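Visitor: With the first letter of the sequence shown counted as 1, position 115 gets the number 115 in the working numbering; the numbers rise by one all the way through.
Just so you know, the hints here were simulated from the structure itself, not pulled from any lab data.
Since the model is a prediction, treat every value here as computed from it, not as a measurement.
Even glycine gets a Cβ: it sits at the ideal position worked out from N, Cα and C.
Be aware that a few hints might be false.
Derived Cβ-Cβ restraints for the label pairs, each shown as a range [said to hold, decoys possible]:
#1 Gln151 / Lys48: 17 to 25 Å
#2 Asp316 / Gly150: 29 to 37 Å
#3 Phe157 / Glu309: 17 to 25 Å
#4 Asn49 / Gly276: 31 to 39 Å
#5 Phe310 / Ala209: 14 to 22 Å
#6 Asp197 / Lys149: 38 to 46 Å
#7 Glu329 / Gly150: 32 to 40 Å
#8 Lys330 / Thr244: 40 to 48 Å
#9 Ser214 / Glu309: 19 to 27 Å
#10 Lys149 / Lys200: 43 to 51 Å
#11 Asp278 / Glu119: 35 to 43 Å
#12 Gly276 / Gln221: 17 to 25 Å
#13 Gly276 / Gln151: 42 to 50 Å
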Amino acid sequence: MKKAVRVIVFLLIFAMAISFFDNLLCRKETDGWWNVTAKLDGFYNSPKNEYDMMYFGSSNTYCSFNPLVVWKERGIKSYVFATQQQPVWATYHYMADAFKTQHPKVAVVDILMFSKNDEYYDDGVNYTFCDNMPFSLNKIELVRASVPKGQRFNLLFRFMKYHSRWNDLKKEDFLYKKSSMRDYSKGYYVLTAECDDAIKTDTEKVTAAAELSSKNLEYLQKIIDLCNEKGIELMLVKTPSNSTPEETEYFNAVAKIAKQNGIFYCDYNQEYKQIGLDIKTDFFDKTHLNTSGAEKFSKYFADNLPDLEFSDGSADKEWECDYNKYLAEK
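Full structure from sequences and hints, please.
Guide: Here is the structure:
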């Protein structure tokens, strides 16, 4: 019995040590335009059932949907739970993780990554979407989908990836506290620069549909099934991104599946005029909206939502403060 107790105590101390060094050594981006750590941790620190709508996907998602503008326009509380180049299977697992604490009426998925056929992505992409997800069975399944056997341990336990950061540690690493992270912009990236050489691509006449990769097709069905199981309205959209004709063919394939399943679908690259987008002033770079473009798009999106009964959060003082902070910083 004493031996068993000693083993249990040792394992607990070992687990606590690993957790401490895991948090100490991991990469942290908490300030500036690209503060992904604050945005992801901020979601996990959100009040339970805070959001009536959530947005998922890659960088087009977090550069296009501005929850504070949607809130000001419609009183709807929402959050962007997205990461750079987030593959479709990561989007599914992000949705599964989000729905543990949130039960939104609407889940919006940007479909850019359905146009990519990679089976796996590099470490930079993988660690971006894995680093801040708490350990759980869902995270284990995400890692299994993201890398081949033999590479999963390092992705699951950040300590192995970042153990060489000892010499680079700063005061901020020791002061970082995951539970105190909060993102006032609700996962949206406030990008104020303009791209003078953005070019509007013409895809209106593209009607062909490319074949989705088997992996993307599998996880699209998982996303549909998850939303049906949770009773959440799914919206599949392509945010304004000057999509190429080749990408549009993949989007057309998603559109067909959406139609077959009675799911809302819209490629907003075909609605620049209605949105009021100016190609010269509303893009941060050639494929991502800046704050001006995101405001126009978010207002347009909010005004054309499906007719659902959303909770009215327009009188929330905290959101009012966050909105005013956004106005001051944009």
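Visitor: List, from low to high, the hint numbers that the structure doesn't satisfy.
Guide: 1, 2, 3, 5, 7, 8, 9 and 12
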